Every structure is written in C-alpha cells, then in structure tokens.
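Asks: Sequence order for the protein chains is F and A. Here the numbering used here = 1-based position in the first sequence + 53. Here the numbering used here = 1-based position in the second sequence + 24.
Source of the hints: derived by calculation from the structure; they are not laboratory data. It is possible that some hints are incorrect.
[Claimed, not checked] Here are the simulated DSS-like cross-link-like pairs (lysine-lysine), alpha carbons at most 27 Å apart as the crow flies:
(1) F:Lys580 with A:Lys171
(2) A:Lys162 with F:Lys580
(3) F:Lys150 with F:Lys126
[Stated by the list, open to error] Derived list of chain A stretches under chain F, where covered just means 3 residues or more per stretch with a C-beta under 8 Å from a C-beta of chain F:
(4) 120-132
(5) 146-160
(6) 164-171
(7) 194-205
Keep in mind that this is a model prediction, so the values were computed, not measured. Beta carbons are placed, not taken as given, at the ideal position from N, Cα and C, and that holds for glycine.
Now for the letters of each chain:
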Amino acid sequence: MSETLESAIRDISQACGNDRSRMMDIVEAVQAKYGCVSGEAMDLIAKQVSTHRVEVESVVSFYAFLSEQPKGKVVIRLCDDIIDEMKGSESVAEAFKQELGIDFGETTPDGVITLEKTPCIGMCDQAPAALINNEIITYLSSDLAREIVRKLKKNPDPKKLVGRLGDGNNASHLVHSMVHNNIRLAGEVIFSEMAPGAGLKNALALNPQEVIRDVKTARLRGRGGAGFPTGMKWDFTRQATGDKKYVLCNADEGEPGTFKDRVILTEKSDLMFEGMAIAGYAIGADTGIVYLRGEYAYLRPLLEDVLARRRNDNLLGNDVMGKKGFNFDIRIQMGAGAYICGEETALISSCEGLRGDPKNRPPFPAQKGYLGCPTVVNNVETFCKVARILEHGPGWFAKMGSEGSSGTKLLSISGDCAKPGVYEVPFGIKVREVLDLCDAEDTAAVQVGGPSGQMIGMNQFGDSICYEHLATGGSVMVFNSTRDVLTIARKFMEFFVEESCGFCTPCRVGNVLLKEKLDDIIEGKGKSGDLDYLESLGATIKAASRCGLGQTSPNPILTTIKNFRSVYEAKIAAGKVEEGFQPTFDIHAALQTAEGIAGRKSVHA
Amino acid sequence: MAKPKVATTSLAGCFGCHMSLLDIDDRILKLVELVDFDKSPVDDIKEFTGRCAVGLIEGGCANEENVRVLQDFRRHCDILISVGDCAINGGIPAMRNAVPLKECFQEAYSTDNRLGPAVYNPDNQIPNDPEIPLLLDKVYPCHEVVKIDYHLPGCPPPADTLWEALVALLSDKPVALPYELIKYD
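One chain only, chain F, in its complex shape (with noise of 0.2 Å):
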C-alpha cells in the first residue's frame, strides 16, 4: 500500500512539475484519490516538492474540501445558508440525518457517505440544493433526501443521482447537470449573442495604452463589489515593473446569495476567457489562471473544453489571432472550499500553493501580486464587460447605467420572490423596480450585497443600486415580512466566524463576541447598553482587520441596528430582568447538572 501511496504521489506532483505553488493542484488530486490527505501522504508530498511538511499540512488544514482523516467516498455537502433554510433545507438535514443514522461532520460505519454541511454553494435560486461530490443536487425535499441515500446505499456514484437535466449547457455531455440557469432578464451586454474574437480582434488593432483607454472611457469598475476603476487597475499593473505579468479571474463566487457567476461560467466563459486574453494584451502577460471554487468543479469539463476551442482557433496559444509576439494561454486553478479566497490577496495565495490568508496592502498586486509579479485580478462578469467594451465601444457602455456606475449590472436574487435567478440590469435601478421584476411580495427587508452588504428596510427601496447608493456584487436576498431579520443576522455572522481565516484578532475573536452578544439579545438576555456595544465593538473590527472580511463582517450587525432598530429594542425590553441583575446569567441552565446529579429540582431557584 504503501509502495503506491509513494508512487502515486510521485506521478501527481511530477505532472504538476514538482512545483510547490501548485500545491493546491497535488493535494487536491490526493484527496479525490484516496479520499483524504495522510500524515503519510503529506510526508512524501513534502518530499517530492522540495519543501517541509508543514508547508503541505497548513494547506490541507485550511480548506473545507481537504482533510488529514479519511472522508467517506461519497461526501454530502448539504447547503446551509438562510434562503435554503427559508426553502425547508432543516427537513432535508433531518432526512439525511435519519435515512445515514449519522451526525452532521459524520461518516458511516462502512466508510462509505459522509454527511457535512457547508456555507453556500452558489443554487439560492434553487434551493435547497446540496453538493454530493461534484454532482449538484437541486430543489431537495426530505422525500428525496431519502431517495437519495437509498440510491447511494445500492451504488455509491454520485452521478447516477442526477435527475432531469437543466437548461442550455447544464445539459450538455460534458457539464450534465439538474442546474437551472435561471435567466429571468437577458441584458445585452452579457446575455446577447457573441462571436468569439470580436473583442479581442478590435484590443488587438489598438496598442495596449489604447485598450486601457478604452476600459477608462467606459468607466468601467470592479464587478466583484468593491467597484475599482478597471482601467486604472489595468493602468498600474502595465506601469509596474516585472518580466512577467498575470492575469488573475477571480471565479471563487463565494458570498452567500451569489451565483450569476456560475450562469456566466456555464452560458458565457467565452466572453470571460476573451475578457482575459484582452487583459493580457493590455498589460503585457502571457498567463491568465481562473481561479474557479471547488464548488463549481463540475464546470470545469466544459470550461476546460472552450479554452481547447479557443487554443484551437488561435484565440489563445501563441500569436494570438496572428498578433506577432502576444502569447497568451489560461489554465483553470480550483480552490477547494474557501470564502476568504474569494479576497483578491487570499486568492494569490491560493493560487501559489498556499493557506488562503490574506496579504498585506501595500503592496497592491497591481505591484506584487501572483508569485511576486503584478497581477491583475478581476472578478468574472468584469472581464466579461471588457470584452464587450472592446467589441461595441467604451462609448456604447458608457451610455447605459447611472452617473458614477456605467454599463449593466447581473443580479443574483433569491429568497422570498415568485421568480429567483439572475437578472440583468442597468445600475441605478431602484430596489423597488427590482422587486418588482422577481414579483415580490410583502417584501420587509432586502440584504443588498450579501452578508457583507447590507440589510434595508421599506423605507429605502427607492434607494438605487450602484456603487454610490447600494453597492452589490450581485446578491440580493428577498424577505417578507414573517421572516426576522435578528435570526437572518445570526445566520450571516455565523458564516463570517466560520469563515475567518483566523490571521488577525478582531476578525478572529471580534466576530465571535458580536455573535455572542446577538446570541443573547435573541434569547432575551439583552441588556440596555448592548447596543451600544455591538456598535462600537463593530466598528472597530472594521477599523483594525486586515481584509475585507473583517472590514464587513460586522455589516450584517451594523445595518440591522441602524434600519431595524425597533426589533432590536423590542427584543431587549421584552427579555428584561431585575434591575442590577445580569441578564446573561441563567440560574436554571447553571443548575440544571446539579439537579440531575442529586435527582430533584432546586427548592430556591
């Protein structure tokens, strides 16, 4: 056993050149073969490429796909955000649960199906839905649950469970999927017909300053939320210093409540891969990586088929479309679990082999980013837009959208709405129209940008979405009124403390103290001054941490106080108790080990 251990070991890092900073690439494939990463393993992975083993144990330590103990062969991943929760996702688990005989974080006796939970996996449009290897299951109940582990007991291939097929290319050969696109509105920026090189024919006639122009004309900005002037990023990264350059798409579409990602991916990677090559030209690269979440791995056999397509039709390769010395070719990075990677620094070093921890600004990647080098990383739908800003013109982008936002926008929406999916919409749309497109109704609150955005109340849905107004990196989360926006609060800073990468103190301990204290507001233990609390200690987990993470976390917190602050009040004063009494201190929960010990109730409390 273990002779093949070795050489199995031997083979995987030798086909990814015994390269250290392909570390993600080796542990990964040791995983899906043997279902684990070993102490074993790590030793001999250590071994091959040069490094220590801690270098390998840090890696497979900190993503959620990855594990040091064997994992069972089939891994259920059940989804667990608010709107599967809002969709009934509690009977599904408590089907698995019952039909497996096991525990969330559990594998059955046999080895053979482990059951998990994970933050969400890009299907709020159609949920619940859960990650069963590669396989994506949609729309779940707990009828089918079970059905589901009765077909797994008999024959434990994940692929045999997928039902009726989605649309377009979820029901090509090469993606097979039950994933529905859910393209509810067709803008014509994304959504409109394309005939790969167009774009990149028209970046080509130009000179690279001339393509940077162009995006700047555009006013184009950053897709991914944080709305960074594209061009201007392109701009430092083509003025930096550096033989080699890289472009980085950043395709790790974690915030919970997005996934318009995972419809350009399957409808649309040519304009994406085409956006890159773009890129490339302009900045002086010759490598694009798409750093693609391991939950969308099932993508992969498609995307990996359009990049053939395009290596084949010189979109990509060497001299590109007969442009004498721009070489540029793209290979697809997976990540494996991780909602910090989708951080543009976290990202680099994941692709570099890596813990996904976050690096230090400054220096920008523009300056030192992938391997040291200046890279540009930009989110899927940007460089999709550039490849039509290249094909029809900055002026014909520019014209669409809000003042200070140009171009279209795709909306991820879900949760209380008759029609979830991905819309495409020019910015400066009011909140209200948007709702009135996916025909929501009794609508109270809208999480505007994910967790890490914000939760509005009625009295800002004449609000518009744009960078100005109500940036969003596409999530849009619909409640109605029976839903409180407390628990939709705990749901969001729950994933954030799951999520921290742990690298700095008040993202690590910060977020675990608000959680706590809404813990206890919810539970009617808060107290008058808690408020104010959650306030200052929000604000300064935003001021001290070192990524965006930390610097939002605390929002799912913050915009409640400020556009619900009756709930919260209303919750504090009904739980009140004796004046100078802790609130947080429960005398029957304390008591309750004593009382099973001497088998009676307390004859004081």
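Fit chain A to the given chain F structure using the hints.
Replies: Leaving out everything else, chain A in the frame of chain F:
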C-alpha cells in the same frame, strides 16, 4: 442624620478578605463612628434591615445560595464591591470549572475512587439533602451574576486598600487608590 450602613458577606470565599478588613486595627473604631453594620458576619445580622450604602462581597458564586445572597445584596446596596480575587475571578474554588461536576463529587465523596480522600462512605452516597444548596455548573465571578460597581483585587486586598476605598466611598470622594495599594508583586 443616621449613619450610612455597610453590609458584608462571604460567598465562595475563605473569610480571608474579612480577616483583612479586621486588620484595619484600631481604625475599626473610626469605622464604627462612620457607619453602622447591617447584614454581615461581623455582627451576625442574618437578613437586611434596610437600605445600605455599600456592600462588600467576598468570594464568587459556587451554589444557588450564593446567587440568592448576592442578588439580595444587589437589591439592598447602592454600591457593590467585589472584594478579592475569588469575587472578581472565581479564585481557588473556580479551579473546579475545568472538571465536570459529577467528577468533582466523586473525587470528594466516593470511596471507589482511590484518588479521593479516605472518607468512610460504603454506599457511595453524594450528600443530597434539600437543605444543602445545589452547586452551580461552575463557579461564577460576581459580576457575571449581578452588576458590580467596584473591584478591589488582592488575595486578600490589604487592610489599607479596603480602608481607603471605604472611606472614599462613604465620604463621596473619588476612589483614587495610590499605586502601592493595588500592586501585588
């Protein structure tokens, strides 16, 4: 004008802090001029007779009676002071917090457990009379049970520290203790 009243108690403590209070020596005469003692082991008054200006709490909360007494103090005292490390941190009694309650009982009473003290307890009984207050799952510092206004650290806090703090509070002056009175090394 009636003298302000002071109450004291020892919860899960060793009475060391009360001993330290007695260490103010002859100043106790001055103190008696300044205040009356209400509920306190010093005069053996069992229940509060009225509103008190200051309550001194020694020890943390280990059982339900401690909680009841502490809450009673909070109801009756304008200012509550956690005196000494047990009141502030749980202190020595809180060492049991890392051990499950059941194991604590077995360690203390069971003769099966050869590590336990040599008690004669052939039936392996754990004392369980309704008169005995039930233990809490762990020992709580006082400020986790009620709001505490001041903390006087030390094991015990020196007599001078107690004296200065009390006099300042009773004469409405800020409690500005010199460094020497709150340094412990």
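Asks: Hint numbers the structure violates, sorted upward?
Replies: 7
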